[in-house]
Amino acid sequence: MMFELIGISPTLLFGQLLIGLINGVFYAMMSLGVAIIFGMLRIGNFVHGAQYMLGAFGAWYLLNLPSLLPGLGLPSLGYWWALVIVPLLVAGIGALMERIFIRRVYDLEHAYGRLVPFGLALVVEGLFNLRYGAGGPQSNLPDALKGGVNLGFMFMPSYRLWVIVAGILACLGTWYVIERTKLGSYLRAATENPDLVRAFGINVPRMLMLTYAFGVGLAGLAGVMAAPIYQVSPQMGQSIIITIFAVVVIGGMGSIFGAIVTGLMLGLVEGLTKVFWPQASTTVIFVIMAIVLVFRPAGLFGRESTSHHSTDMSAARPGSLLENGRLWLAILTVGGAALPFFIYPVFGMKMLCLALFASAYNLIFGYVGLLGFGHAAFYGSAAYVAAHTAAAWGFPPELAILSGAAAATLIGVVFGWLAIRRQGLYFAMITLALAQLVYFYAIQASWTHGEDGIQSVPRGHLFGFIDLNQPLNMYYFVLVIFLAGFALIHRIVRSPFGQVLKSIRENEPRAISLGYATDRFKLIAFTLSAGLAGVAGATSAIVFQIASLPDLYFMTSADALLMTLIGGVGTLLGPVVGAIILVAMQTEFATLGAWVIVAQGAAFVLCVLFLRKGVVGTLEDYLAQRSDRAAAARSEPAGKAGAEAGR
Amino acid sequence: MTPDASLQVRDLHGWYGESKALHGMNFEIGRGEVVTLLGRNGAGKTTTLRAIMGLLRKKTGEIRFRGEELCGRLPEYVARRGIAYCPEERGIFSSLTVEENLMLPPVVAEGGMAMDDILALFPTLAERRNSRGTKLSGGEQQMLAIARILRTGAALLLLDEPTEGLAPVIVKQIGAVIAKLKERGFTVLLVEQNFRFAAKLADRHYVVEDGRVVESFTAADVAGGIDRIETYLRV
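Heads up: the sequence lines are chains A and B, in that order. Going left to right, the first sequence walks through residues 70 to 716 as the numbering used here numbers them. Going left to right, the second sequence walks through residues 287 to 521 as the numbering used here numbers them.
Chain B extracted, bound-state conformation:
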């Protein structure tokens, strides 16, 4: 265990109703690290994020954040401890304007980014402040979904497939944003299927299969192990 570990997940089991989705997840993230969970559809990546957030009710195991046990806590409690969640489906509220969407998540701790800094990171959002959330393109929605959790002062960001279904140029922009977030000291847990995207950003990778971590390696290992990783991710 690294001494300054931010999040530790130990032996996490989770269920959707009767069907079991997580079979003993184990991984950890150090403060300021960008870590990915890689894996195919249905491997349990999203479920892991939902379990950390408290959105998955039926679960056992340990989820320690800054030393505090969060397994069994309600989502609103988890969020207030400083974990922010950007869901796969983006969750932009259609009845709210861009600005309202941005301002929606309450500030949970000091040290969140200032609005001006956020808009500097996402210039397109500034232009569209007053449009309804659903009037945005897919890329803009994804940016909005990331932008709105930067204000809150959360230290750990859970990003669920931020590049899914987006054009390469947008994917590149999002990659740049995540790199900047790392510079600013955010800890990021990134769920990805797009390994080529993740490889450039992350310090460490975990490969998830059938609801458990089957392999892990650092950025330094990637060059040698890329074939093996591709095998894991191939459909």
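One chain only, chain A, in its complex shape:
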């Protein structure tokens, strides 16, 4: 009766609820792992999705052992074997990752605990992408779980029932171990005060490794269980991990039970949305995240205080020659003007756009200490708006760029307003999730032309009379935009406003106690950064005459981060140097296709492990040391001479 009233068939409703529940089980298992790892290790496990993918591929590998390793006489191991072996293998890989890479960032600024896993994710997924491309193998259902049960109102496939039961049991088992056992009390105690737990005689480093391995093993288990239902592909981890982060933000990571409940609930909500408003089903979780952030910033089950702690990763030495803005503005002007005589203008314009993008990102990351993963939203949306206004509405290039930047600024206000409610890892996850929302919008909206993007954007005539189809005209226009942006950022950073930003980065509670409304400062800086990133994105749309999905993809955010990191976080020239290196790297790897992702992932990891101050920061250190030595050498002979004269 009721179903007829709302015009929905019960089969459809229950079918979607079932799918939702299954998704929810995977969300719960994954977000549980992320929450445990973050709780214990303070690591934002961005590689969780890749580890889930490893689980799914692992199940498929075991099934195909005879053909993968011919000649060894290995049997084909089916689903049940995979269910036991693969999570252990994935956990083992996790333990190795912890041992080799992640362990080395525990004593560093927490933000590095987001960068290393992120880099590892790019490497792992990039390698699988190289081997399997976008497609992937299909995994078979285990024989015992073929068929299903007729529940009267719907048909329940056995395998799905199994996934729901097994997944929930795995979650509850985890909850039990952590909340009710001795081992769990060690874990909880070590979360609070690892030093003291060590001083009681417990080997905390080994426990951290095992905890990481366990969380990762849970992802591997989810992967095995997902393999027969979803398409096994190198991308399967990427698409789920951003949703998982939104789930974690909604639930808050204070409670194990909360993570499980939130995961299941959001799966169901997603299923229901598919029934009533199919187009919104991919984005509903992100929208819920935004609503939760407005009304309950700590999350539904969140217990932790929203403590104020920014990330101070700045590598700059204030007095350094390399931080002299006026000098370098002059050098960049001259160098930039000469550049097209040495390299292709297109190449130069790409560098300039990316350098401006990275400089804008550095404003918020380097100077305010907010590590966001969502700048693609500003760069990409500005590119789309500029391309659209230029192509469809016939805007001249300067107006198209302005409209793009205005759109990015608007989005920046909204995203900033939402994201600065949370700190640290949450800030990174929220910006990533919000950017994904824009990405999904661009896939679905009609004016963005889906996969094709907006092509053949006219460059037009600047101010009505400078023909930008002339490469040099275009180049110098881009150069002027870059220099203006560079000068503006320098001016902002040196202003009293910029000094407040730096004080927030160094010690936010102190800045608050001095009477600054730090959230407002952060929001203004975030918006400025978004607007400038928008200028870069809009300009690139005019230069390359296209705006397409990659501009909005999270890899674009990763580019901004990587450029800043390689160049030197918080330095004047770091983003510029980073842009040159990135463009060179992308050109170098262009012929090798997907290797560029692997290389970028490796660059993240290597930078954090070996070049934390970036190229420019390291150079500034070197110059400072050299001038110290020179000063010491000057004073020493003088001292000696004085002593001898005295004799």
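Heads up, a few of these hints could be off.
Said to hold, decoys possible - Quick look at which bits of chain A chain B covers, simulated, 3 or more residues with Cβ under 8 angstroms:
#, segment
1, 99-110
2, 261-269
Stated by the list, open to error - Derived SDA-like pairs (lysine to any residue); straight-line CA-CA distance at most 20 angstroms:
#, chain 1, residue 1, chain 2, residue 2
3, A, 251, B, 486
4, A, 251, B, 385
5, B, 486, B, 316
6, A, 251, A, 275
7, B, 344, A, 251
Note that these hints are calculated values from the structure, not bench results. Glycine included, each C-beta is placed from N, C-alpha and C at the ideal position.
Take the given structure of chain A and dock chain B to it, following the hints.
Just chain B, lined up with the frame of chain A:
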């Protein structure tokens, strides 16, 4: 050197990052003794305890416990040799119940106190077994922090200012507990600023200033030297 010395610290230097906190500590504790480190804030008392436990990484010198060199060992190793630590901030875990807090430190040797004996020593803890650690009063937290290291079989207890910020009646109770622990044969290294409290309990005292021991005396010396000691401790 006393033949049955339990802990000997020789020429211990320690650093927090660039700043040096210990400048050659020298002292020793015999088995079954209660010994205090007295001194003002910042003298290096807590740092000494952290160095013994292995929690202070950057250090040089000798820390011998029952003849074994522990300088450079990790905290978990030091604890397993039979040294237990009760930190100044008490370190009660808020996400654990009183009972879980009590049961947390693993047993490292035979001869630890039985749970019933511990609860007899701290009757209030028995009543509050199932409350969360942070629901306790300051005095109860301090008792819990001491109680939980008695189970493990550790022979040497490092107690960091157990009376700090507590009401006189509680201080008295804690004093009684330490006296009982001495009777039971525990060796205790007590860090204190409250000399009047420590004087009644300890066999010997070391006065610490600027990261080194500047004077030592036995309980018998105390009566004559009390003015001098007060001068050291006066702010």
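These are the hints, each one checked on the structure:
no., hint, verdict
1, 99-110, "violated (count 0)"
2, 261-269, "holds (count 8)"
3, 251/A - 486/B, "violated (39 angstroms)"
4, 251/A - 385/B, "holds (11 angstroms)"
5, 486/B - 316/B, "holds (18 angstroms)"
6, 251/A - 275/A, "holds (16 angstroms)"
7, 344/B - 251/A, "violated (32 angstroms)"
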